[in-house]
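> Each chain is listed here by its residues.
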Amino acid sequence: MIIAETCRQALKDAGVNPDRMALEWASAAEAPRFVELITGYVSGIKSMGPLGTAEGESEKDVIRMHLKAGIKAASARKVRTALGKLAKDMNKSNDYSPQVISEGVANKVLPAFRKERLTQEIQLCLAEQGPCKSADLCEKTGGGNKEIEKILETLSKKKLVKKKGSSWY
Amino acid sequence: MTAEVFNPHILGFFCHWCCYAAADAAGVSRYQYPPNVRVIRVMCTGRIDVRFILEAFGCGADGVFTGG
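For the record, the sequence lines run as chains A and H. In terms of my numbering, the first sequence opens at residue 1 and continues consecutively. In terms of my numbering, the second sequence opens at residue 1001 and continues consecutively.
Don't take each hint at face value.
[Stated by the list, open to error] Lysine to aspartate or glutamate pairs mimicking EDC-like chemistry, simulated, CA-CA at most 16 Å apart:
id: 1; chain 1: A; residue 1: LYS12; chain 2: H; residue 2: GLU1055
id: 2; chain 1: A; residue 1: LYS12; chain 2: A; residue 2: GLU59
id: 3; chain 1: A; residue 1: LYS72; chain 2: H; residue 2: GLU1055
id: 4; chain 1: A; residue 1: LYS72; chain 2: H; residue 2: ASP1049
id: 5; chain 1: A; residue 1: LYS60; chain 2: H; residue 2: GLU1055
id: 6; chain 1: A; residue 1: LYS68; chain 2: H; residue 2: GLU1055
Everything labelled a hint here was simulated from the structure, so no lab data went into it.
Modelling step: build the complete structure from the supplied sequences, incorporating the hints.
Dropping the structure here:
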């Protein structure tokens, strides 16, 4: 459940409608129920249209860039630790309601994921498209001005990016 | 008649013991259901990770259906 909720929020962060991801249960003996679920789900997706056209979604290329960075971010150590910690906390408090899960993921896992995704995406952008101004980076990655500045600073401390005039490379 | 019908690419992650068997049973008893789902069988739904689902969308899937 934690993983499913993380997926949903990560997809939202990457500009994909979270309803495209479904988690359902059907036991081995429930063939009619399975058929019902699949039929309902497929017609739902059909009404949404192809990736990048549903409500609140960015363009396909933008989504692809977000996802590329997101895949790397999902296996990052910080995100993994956050997931583990959340699971431990929930085990302690013994409360597994969807609301608690959703809040926990939003407060503990998503910030780590988002930061990691933006970091990865800045590096991807700079590697693929050459020098960029920080405002351009904000637009491409979908991050706030302050967030991007902070990450660029950290990256330049690690000597992964350099500044020349007003553009980064 | 040239209007193109949208056929979504849907990726299904099915648990070997539950949903995969249900899909099998549905086939055996000849229920009709949409052919858009490409199935990946996993030994347990717990095996599925955030990364898998992001990669599926990254590869151009229009939807991911996880069946436990």
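> Are the hints correct? Go through all of them and say.
Status of the hints after comparison with the structure:
1. LYS12/A to GLU1055/H: holds (15 Å)
2. LYS12/A to GLU59/A: holds (14 Å)
3. LYS72/A to GLU1055/H: holds (10 Å)
4. LYS72/A to ASP1049/H: Given that 16 Å is the threshold and the Cα spacing comes to 13 Å, the pair holds.
5. LYS60/A to GLU1055/H: Holds, because 14 Å separates the two Cα atoms, which is no more than 16 Å.
6. LYS68/A to GLU1055/H: holds (8 Å)
Violated hints for the displayed structure: none, as all numbered hints are satisfied.
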